[in-house]
Amino acid sequence: MTEFSTRTDHTARAFDSDLDEISRKVAEMGGLTEKQISDAVQGLLERDTELAERVIATDPVIDAMQRDIEEKSILTIARRQPMAVDLREIVGAMRVCNDLERIGDHAKHIAKRVVALSSDLYPQTLIRGVEHMADLVLAQLKQVLDAYGGRDLQAALDVWKGDEEVDALCTSVFRELFTYMMEDPRNITFCMHLMFCAKDIERMGDHATNIAETVYFMIEGRPITDQRPKGDTTNFPSALMQK
Amino acid sequence: MNEDRAALGRRRERGAQLVVATAALVFAILVISGALTLGYAIPGFAVVALVCFLALRADENGKRAAPPHSVAEQANDPLRTIVSGLPDPVIAVDRDSRVLALNEAARALAPALRQGEPVSLAMRMPELIETVGRAFAHGETERVEYSERVPVDRWFEAVAMPVKRSVDAAMPDMVLLTFRDLTPLRRVEEMRADFVANASHELRTPLAALSGFIETLQGSARDDAKARERFLAIMQEQARRMARLIDDLLSLSRIELNAHRRPDVPVDLVPIVRQVVDSLQTLARDRGVTVNVEAVGVLTVFGDRDEMVRLFENLVENALKYGAAGKRLDIKLALETASDGEPEAMASVRDYGPGIAPEHLPRLTERFYRVDVRESRAQGGTGLGLALVKHILNRHRGRLSIESTLGAGATFTVHLPPAGPRVSQ
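Chains as they are written, first to last, in our numbering: chain A, 1 to 243; chain B, 1 to 425.
Keep in mind the hints are simulated off the structure, nothing from the lab. What you are looking at is a predicted structure, and each value in this text was computed from that prediction instead of being measured. Note that the Cβ used here is the ideal one computed from N, Cα and C, for glycine as well. Do not rely on the hints blindly, as some may be mistaken.
To be verified - Now the stretches of chain B that chain A is said to cover, found in silico as 3 or more residues with beta-carbon under 8 angstroms: (1) 112-126; (2) 147-156; (3) 360-367.
Said to hold, decoys possible - Heads up, incomplete: computed chain B residues facing chain A, CB under 10 angstroms, no partners named: (4) ASP96; (5) SER97; (6) ARG98; (7) ILE129; (8) ALA199; (9) HIS201; (10) GLU336; (11) SER339.
With the hints as constraints, model all of the structure from the sequences given.
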């Protein structure tokens, strides 16, 4: 792939620098979101309430970043009247930062549960499934943000297809948690918390897929038309209650 | 943009000659100081050399009042030459946080980095971005430690050194970022914690059984020859299980210790797989399983030989133990085309046993995850086999895919990048 494949030089250098600034801000917001996820999960794994509190306190920063990017994007559209790939780039940035903000919210939700769970004692084996999910989603998010930065079509498509794995893992973790709850009602509290954490992580994966779609749209100018593989059956209670 | 700069650079051959001399000097210093160590001395020297050189240039071009932007472009060439000659990851960043220059080591650290684009597109760690900002604002060298969780846990220390590229500049117009890998140090600490956490739980079970039987043998079963015989057999089995568990935990730790270093020696998988199959012939005969190997002539990947042996041992042994009911095992090695069109070395182990239920498939590589605890114990499993496989593949930048239908066996497929001329991204 040649570098700068989708970057063109405009007569107005200021326009280039506007576009670059928007991309840069989105990437920085992505970086903070990645850190929020890994901190929230770290907090869950190590029962680190302090770390979780920090995640909760950082969430408004992400929200502010989103507002900033949106403002900048609207200003740029108004001032420069961009067309074609430039317009897609700006609209794409707004969509990506919207997904990132949602991901940040999910990270905050997990952190809140860490604080709520801090008094319970739960077995480490249960957390391992959730950790596995989080690692998978973090890898997806990293790849899609790299794809955004490098305008890499193939990487975006890989992320888009990779969501199936996260969904399958989520289903499996749900089953395991159900078993624990049926074994002993005292497990229900923390199992429910973990279940919501798993669902939060699964939703983050969905947002990563959305970003992949946006990156594809920014480069190609049309939406992805393939059928997306789907592995999540957690929405069907019958699938859970079998056996 | 890149091409423009390259063209500008060609027009300044004279400058380039000077640079080569400077770079040579840096190299000389590097060699001498190599014995004295201190990784920071190297970028330090580079900066000194760079500043001297730029001062010279500024005098030379003094009359041609150049705007700051073109100063940056002029400096680009010598800067690139010096940066590319340094062994540690180095990235030079301008005030707009664009990459002015980077070396191979930095490219390996973040493959998405592009010259002329904002550094944060590829390196998004908030700590790092903040540190660069602070270095520009205060004009002082700033340090920060940060970690990455995916694809493998890594820890780094980054040093941001602000540089004024012309003597009369009021503010630094460039930050030189250097990185030090703290992973080996941190890994040892983590490993110890992990080992204790895993071992304490998993080793306690067989240990409790052992001491229970010893107590019984000392007490009520002291004179019962028949019971003694039976108990000793169980005790031996438990002791073996503990030994296997310790073995697996140790290899897991060893692999994790090197997880951030990708192997670069080419190895041929075909003889490795054949050797593994030969060594497991006895087990296969015991279980009444016929093993078929279908392989291409040569299948070379960059890999650690011992780890590759370990990987296939685990896969084949698992298939023999848990899929023996099918009486048949197919192993296939081939060079295929992956979904992204790149070539891919593929090795699959297919058994015709009872298969694995879909809800277990995504979890199989987690530590101590067992589909059926009793079955696993009966087969002498440690619950670490596939975790080992996954860790080995992570280190080799490969992946494992598992397909299975209940009642129709399971296929474990190893995907690895083939060894060819290594493409630096």
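Against the structure, the hints come out as follows:
no. : hint    : verdict
1   : 112-126 : holds (count 13)
2   : 147-156 : holds (count 3)
3   : 360-367 : holds (count 6)
4   : ASP96   : holds (7 angstroms)
5   : SER97   : holds (7 angstroms)
6   : ARG98   : holds (8 angstroms)
7   : ILE129  : holds (6 angstroms)
8   : ALA199  : violated (13 angstroms)
9   : HIS201  : holds (8 angstroms)
10  : GLU336  : violated (17 angstroms)
11  : SER339  : holds (8 angstroms)
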